[in-house]
Amino acid sequence: MLKIFQRLWQVNWAEQWQYRANLLMYLLYWLVSPIIYLAVWTSIAYSKGDVNGFTANDFVTYYMTLLIVDQITSNIVIHSFGYKIQDGTLSGELIRPIHPMLTNALVNNISFKGLTILGLTPIWIILFFLFKPDYGHVTMVGVLMAIPAMLLGFFIGYLLSAAVTSLAFWTTRVYSIHEFYFALILLFSGQFVPLSLMPQIIQNIAQYLPFQLLLYYPIQLILGKLSNAQIVQGYVMGGIWLVVALFLFNWVWRNGVKRFSAVGA
Amino acid sequence: MHQMTIIVEQLSKTYKVPEREAGFGAAVRSFFKRKYKDVKAVQNVDFKIAQGEIVGFLGPNGAGKTTTLKMLSGLLHPTGGKATVLGFTPWELKSDYLRSMTLVMGQRNRLSWDIPAADSFLLNQAIYRIPDDEYKKSYKELDELLELEPLMKKPVRNLSLGERMKCEIAVGLLHRPKVLFLDEPTIGLDITGQARIREFLREYNKRTGATILLTSHYMADVTALCERIIIIHQGQLKYDGGITDLSRKIAPFKLIGVMLTDADSHDLSGYGTEVRNEEDAEKRYIQVKAEDVTTVTSQLLAGLPIHDISITDPSIEDVIEQAFNQ
Chain A
119 MLKIFQRLWQ
129 VNWAEQWQYR
139 ANLLMYLLYW
149 LVSPIIYLAV
159 WTSIAYSKGD
169 VNGFTANDFV
179 TYYMTLLIVD
189 QITSNIVIHS
199 FGYKIQDGTL
209 SGELIRPIHP
219 MLTNALVNNI
229 SFKGLTILGL
239 TPIWIILFFL
249 FKPDYGHVTM
259 VGVLMAIPAM
269 LLGFFIGYLL
279 SAAVTSLAFW
289 TTRVYSIHEF
299 YFALILLFSG
309 QFVPLSLMPQ
319 IIQNIAQYLP
329 FQLLLYYPIQ
339 LILGKLSNAQ
349 IVQGYVMGGI
359 WLVVALFLFN
369 WVWRNGVKRF
379 SAVGA
Chain B
7 MHQMTIIVEQ
17 LSKTYKVPER
27 EAGFGAAVRS
37 FFKRKYKDVK
47 AVQNVDFKIA
57 QGEIVGFLGP
67 NGAGKTTTLK
77 MLSGLLHPTG
87 GKATVLGFTP
97 WELKSDYLRS
107 MTLVMGQRNR
117 LSWDIPAADS
127 FLLNQAIYRI
137 PDDEYKKSYK
147 ELDELLELEP
157 LMKKPVRNLS
167 LGERMKCEIA
177 VGLLHRPKVL
187 FLDEPTIGLD
197 ITGQARIREF
207 LREYNKRTGA
217 TILLTSHYMA
227 DVTALCERII
237 IIHQGQLKYD
247 GGITDLSRKI
257 APFKLIGVML
267 TDADSHDLSG
277 YGTEVRNEED
287 AEKRYIQVKA
297 EDVTTVTSQL
307 LAGLPIHDIS
317 ITDPSIEDVI
327 EQAFNQ
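In order, the protein sequences belong to chains A and B. Residue numbers for the first sequence follow this note's numbering, so the first one is 119 and each next one is one higher. Residue numbers for the second sequence follow this note's numbering, so the first one is 7 and each next one is one higher.
Don't take each hint at face value.
What the hints assert, rightly or not - Computed cross-link-like contacts, DSBU-like style, restricted to lysine-lysine with a CA-CA straight-line distance of at most 35 Å: (1) K212/B / K231/A; (2) K121/A / K142/B; (3) K143/B / K46/B; (4) K184/B / K231/A; (5) K376/A / K184/B; (6) K376/A / K46/B.
To be clear, the hints were calculated from the coordinates, so they are not data collected in a lab.
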């Protein structure tokens, strides 16, 4: 099994390099919104002193951390997989003795991340000198605690996206469903604004949803803003959602494959 | 009695296809209420194939050949009936089943387009858990027959159609499958390439005892490889039996070709149905029932100024076409 992942990695990594220019464009596009949020919120916080207790530095450190966390926990499975169901190219992968979504597509996502993180690093350093975040509160323990949390967040997000993508077995096209799903992430993950600035009702809902585990929770963990009880609660929620996401994906996938019509080819 | 490798019982597949008239109004109506049409791609097909057999699967476009192959390889769930291959139900997609069969279909299947074929080969080695020494042996055999080496380092998208097909077949056989489903395995290949693949498949079948079910539009593939053929038309089984029996059973005709002085001035309609033969335009051909051949021949020789005469079997293509039209 290890050898399979190793060879999948070689193939996917080589493929991603073929499209590095394309990838860089994607990265720049993806960077635009967090940088805008960062610029807007910091300037508001500068002029008013703070926003609901959030200082300019709080915003800078939040969004600068978000850039990294989002890079680690997000996935592109809709783009890298949805079309395969739609145009039937999944056929070749479906009859290989490995799970298409949990092996090849997974490695494909990770290799994509590997490359975008390479691209992000210099940009992040430039932003660091531009906005000069003060990371004085960040501790080694917080960062180490956040690593498994980010992995957990990645796998939850991946499985949920994979389940949404698998809806293409029913609807053929799945992009609009995914847009809706993205809107949920935007609202409940803390990508727009830190969740604690959201209306109370949204915060109440968000804490039971999986989306904050992708961004808000690991970011706060890194920034050292969570109590021990909150840290434990996050991990428990993460464990529960991982199991739920796994079952959900598995159910959608199994039923979807039965409907696959292997068009084309 | 051989052990049955493939058992197909009452296998059926009905596709639900959305349907609407052309035009804007129809598009709006279909938005609110979609109409579906049932397309019966495969209807109650039965057959059994023993271990080691090479069977040709024939039928016109849309007959249901590919749908059947897709069900037998596990890609499609049937809407009715059963199938067992090597003791497995294909569409359960069990790893042990997938590791012991292959489906070669079309041009883009196992090879990744953006990278050299060599990398896809190594990936498949890992996926099918082929030990290094076995892999080397398999690869060497395939390379000898298909001359793969010069193609291995180029990105697959830069290969020609034929080159890609060779690589697809090779990569699909690395794991030495026991059952091969081949959908048009020689499509896009030149005559030498086609002959090579045929030779290879025959050799592979002999050496490993693999069971092969193949479709092809090239009759030469079928006549060279298969002793048995299965014909389906409009989703239904039309013929299952020996290739030599086919013409006797379906079209018990012979063709008599005659070369005449003043070829166009004679009326042949009294002797049999006149048919065209593109390959031999100099002669005029008539089709007669096999049992009447001697009588008609002597009548022809007696009644017409004949330079040359030939008696042949109709081509297998013609016979099969006749089978479809029955």
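Report task. Assess, step by step, whether the Cα of K376/A is no farther than 35 Å from the Cα of K184/B, and give holds or violated. Result -> holds, 25 Å
Report task. For the pair we were handed, K212/B and K231/A, check the Cα-Cα distance against 35 Å. Result -> Status violated; Cα separation ~48 Å.
Query raised in the report: Does K376/A pair with K46/B here, judged by a C-alpha cut-off of 35 Å?
Result: Holds. K376/A to K46/B sits at ~18 Å (cutoff 35 Å).
Query raised in the report: Taking 35 Å as the top limit, are the C-alpha atoms of K121/A and K142/B close enough?
Result: holds, 17 Å
Query raised in the report: Is it true that the CA of K184/B sits at most 35 Å from the CA of K231/A?
Result: violated, 39 Å
Query raised in the report: Would the pair K143/B and K46/B pass a check requiring their Cα atoms to be no farther apart than 35 Å?
Result: The hint is violated at about 44 Å.
Comparing the model with each earlier hint shows violations of hints 1, 3 and 4; every other hint is respected.
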